[in-house]
Amino acid sequence: MIRVVLPGHLRTLAHVSSEVQLEIVGPVTQRSVLDALEAQYPMLRGTIRDHVTHERRPFLRFFACEEDYSLEPPDTPLPEAVASGAEPLLIIGAIAGG
Amino acid sequence: MSKVRVLVGTRKGAFILTSDGKRDKWEISGPHFAGWEMYHLKGSTVDPNRIYASQCSGWFGQIIQRSDDGGKTWIQPGTPPGEQKGPGGMPKGESNKFVYNVSAETGKPLTTHMWYDGTQHPWEFKRVWHLEPSPTDPDTVYAGIEDAGLFRSTDGGQNWKELSGLRGHDSGAGWQPGAGGMCLHTVILDPKDPNRIYIAISAAGAFRTDDGGTTWKPINKGLYSQYIPNPTAEVGHCVHHVAMNPSRPGVLFMQKHWDVMRSDNSGDSWTEVSGNLPTDFGFVIDVHAHEPETIYVVPIKSDGEHFPLDGKLRVYRSKTGGNEWEELAKGLPERDCYVNVLRDAMAVDSLDKCGVYFGTTGGQVYASADAGDNWSPIAKHLPAVLSVEVQTLP
Numbered sequence: 006m007i008r009v010v011l012p013g014h015l016r017t018l019a020h021v022s023s024e025v026q027l028e029i030v031g032p033v034t035q036r037s038v039l040d041a042l043e044a045q046y047p048m049l050r051g052t053i054r055d056h057v058t059h060e061r062r063p064f065l066r067f068f069a070c071e072e073d074y075s076l077e078p079p080d081t082p083l084p085e086a087v088a089s090g091a092e093p094l095l096i097i098g099a100i101a102g103g
Numbered sequence: 004m005s006k007v008r009v010l011v012g013t014r015k016g017a018f019i020l021t022s023d024g025k026r027d028k029w030e031i032s033g034p035h036f037a038g039w040e041m042y043h044l045k046g047s048t049v050d051p052n053r054i055y056a057s058q059c060s061g062w063f064g065q066i067i068q069r070s071d072d073g074g075k076t077w078i079q080p081g082t083p084p085g086e087q088k089g090p091g092g093m094p095k096g097e098s099n100k101f102v103y104n105v106s107a108e109t110g111k112p113l114t115t116h117m118w119y120d121g122t123q124h125p126w127e128f129k130r131v132w133h134l135e136p137s138p139t140d141p142d143t144v145y146a147g148i149e150d151a152g153l154f155r156s157t158d159g160g161q162n163w164k165e166l167s168g169l170r171g172h173d174s175g176a177g178w179q180p181g182a183g184g185m186c187l188h189t190v191i192l193d194p195k196d197p198n199r200i201y202i203a204i205s206a207a208g209a210f211r212t213d214d215g216g217t218t219w220k221p222i223n224k225g226l227y228s229q230y231i232p233n234p235t236a237e238v239g240h241c242v243h244h245v246a247m248n249p250s251r252p253g254v255l256f257m258q259k260h261w262d263v264m265r266s267d268n269s270g271d272s273w274t275e276v277s278g279n280l281p282t283d284f285g286f287v288i289d290v291h292a293h294e295p296e297t298i299y300v301v302p303i304k305s306d307g308e309h310f311p312l313d314g315k316l317r318v319y320r321s322k323t324g325g326n327e328w329e330e331l332a333k334g335l336p337e338r339d340c341y342v343n344v345l346r347d348a349m350a351v352d353s354l355d356k357c358g359v360y361f362g363t364t365g366g367q368v369y370a371s372a373d374a375g376d377n378w379s380p381i382a383k384h385l386p387a388v389l390s391v392e393v394q395t396l397p
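Residue numbers (this note's numbering), protein chains in the order written: chain Y, 6 to 103; chain U, 4 to 397.
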């Protein structure tokens with residue numbers, strides 16, 4: 006079971022109150038996690054990555070185990086701690102005032 | 004008794020204000036989609052309970068929301084689990100998918116436009132500025148977007164397809180953004196001719212199609228913009244807003260960057276009607292529901308100072324279709340008012356007397372139940388108002 010923590014606005018959009026849990030078959034990568042996330046919560050399509058290019062939206066970053074994985078290729082395996090569910094994948098929005 | 008529903012889009016959510024036909028007591032619901040930029044909400048005239056809303060965010064992009072019960076509940080068309088499935092059983096989630104058509108078959112593969120510095124820049128979808136429901140079919144709705152393009156959905160906002168003939172116009176590669184981005188902000192559907200659509204783009208100008216959106220022509224003859232290299236160019240004018248009274252679809256009124264204009268021939272040519280306005284810079288313009296020669300603007304000091312003259316918020320009304328303007332001040336701030344009124348933030352109801360409404364970047368929504376003679380705030384402390392639309396309900 007993969008755990009993903011969403012930014013507040015996306016939790017509202019997906020009607021979830023805390024982290025979400027996803028079942029993933031095969032390698033646990035950014036792409037497979039986002040594919041599973043969007044399948045389970047289709048209202049999130051286009052909000053984290055572009056509909057067509059699948060590029061990460063510029064104000065969002067992916068963290069896990071206190072490391073930044075945002076610039077890693079989408080098919081690079083995420084840490085074993087994420088794959089095992091011990092640690093969540095954090096999707097974090099840029100901080101903004103106002 | 005009739006009712007009025009005012010749909011207010013703000014920087015931090017949407018609000019719905021309702022009143023009976025007297026329009027003296029208002030209830031406010033919201034914020035809907037709290038924290039999100041709500042660029043525009045508009046209801047269908049065919050089914051007033053059908054409301055479309057543009058929800059967007061610099062972080063998370065564009066969402067289209069739809070209500071089928073007058074704004075009480077909302078859905079993202081096509082995206083609730085189970086409602087729409089793709090070939091593999093996967094939900095498709097298309098309602099927020101705006102993809103430019105660059106196919107050779109149905110549109111020119113136009114991929115760049117002019118950037119601020121004169122170089123070519125890729126077209127990049129940013130947000131939906133304006134949603135215009137069809138006057139005949141509640142499931143058909145048009146979206147004016149940034150970077151400028153026109154999209155249409157015929158399934159209630161679920162799937163969107165670009166009317167790419169507009170962006171593929173020969174002048175497209177020369178369109179340039181205004182300071183607020185290259186937005187297609189005005190969509191007017193001719194109520195008497197389903198094949199005729201007017202749109203306006205900052206800062207390309209106004210365009211018209213007479214064949215349902217396949218081909219387009221610029222309709223900017225008569226505009227004079229001294230801030231562009233060729234002041235009478237066919238395209239390149241910063242049109243801020245265009246308004247029409249549905250009873251007279253061939254007559255258009257325009258608030259340009261500077262200058263208030265009118266056209267009596269469906270945009271083929273324009274004449275200036277700024278007349279005695281204290282400043283003819285501004286963003287909004289609208290037409291009285293029953294008197295097609297009565298129009299409203301909110302003069303703004305200048306392109307560099309986006310607030311009213313002398314700190315006095317004023318609406319100006321012309322009952323002669325322009326040139327002769329009267330100041331409307333009763334109930335509006337007399338001093339220290341430095342708000343702006345953005346281009347989609349004025350609307351009228353169709354009661355008798357006609358109600359006029361506008362919202363400010365200071366979060367006030369002002370209303371007049373007597374065609375502008377007297378004003379009062381019906382909301383005072385909202386986030387900055389981006390858009391105001393009105394529904395007159397039975």
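There could be a bad hint or two in this list.
Part of the chain U face toward chain Y, derived, beta carbon under 8 Å [stated by the list, open to error]:
| no. | residue |
| --- | --- |
| 1 | G38 |
| 2 | W39 |
| 3 | G61 |
| 4 | Q65 |
| 5 | W77 |
| 6 | Q79 |
| 7 | N99 |
| 8 | K100 |
| 9 | V102 |
| 10 | N104 |
| 11 | G171 |
| 12 | C340 |
These are calculated hints, taken from the structure and not from any lab test. For each residue, glycine too, the CB sits at the ideal point set by N, CA and C.
Cross-check of the supplied hints:
1. Against a cut-off of 8 Å between C-beta atoms, the interface hint on G38(U) holds, since the closest Cβ of chain Y lies about 6 Å away.
2. A least Cβ separation of about 7 Å between W39(U) and chain Y falls short of the 8 Å threshold, and the interface hint therefore holds.
3. Hint status for G61(U): holds, given a least beta-carbon distance of 6 Å to chain Y, under 8 Å.
4. For Q65(U), the interface hint holds, since its Cβ comes within 8 Å of a Cβ in chain Y; the closest pair sits about 7 Å apart.
5. Checking W77(U) against chain Y by beta carbon gives a least distance of about 11 Å; that is not within 8 Å, so the hint is violated.
6. Interface hint at Q79(U): satisfied, since its Cβ lies 5 Å from the closest Cβ of chain Y, which is below the 8 Å cut-off.
7. Taking 8 Å as the C-beta contact cut-off toward chain Y, the hint placing N99(U) at the interface holds, the least distance being around 5 Å.
8. With 8 Å as the threshold, the beta carbon of K100(U) comes within range of chain Y, its nearest partner Cβ sitting at about 5 Å, so the hint holds.
9. Among the interface hints, the one on V102(U) holds; its C-beta lies about 6 Å from the nearest C-beta in chain Y, closer than the 8 Å criterion.
10. Nearest Cβ of chain Y to the Cβ of N104(U): about 12 Å, over the 8 Å cut. The hint is violated.
11. Checking G171(U) against chain Y: minimum C-beta separation of about 19 Å lies over 8 Å; hint violated.
12. Against a cut-off of 8 Å between C-beta atoms, the interface hint on C340(U) is violated, since the closest Cβ of chain Y lies about 22 Å away.
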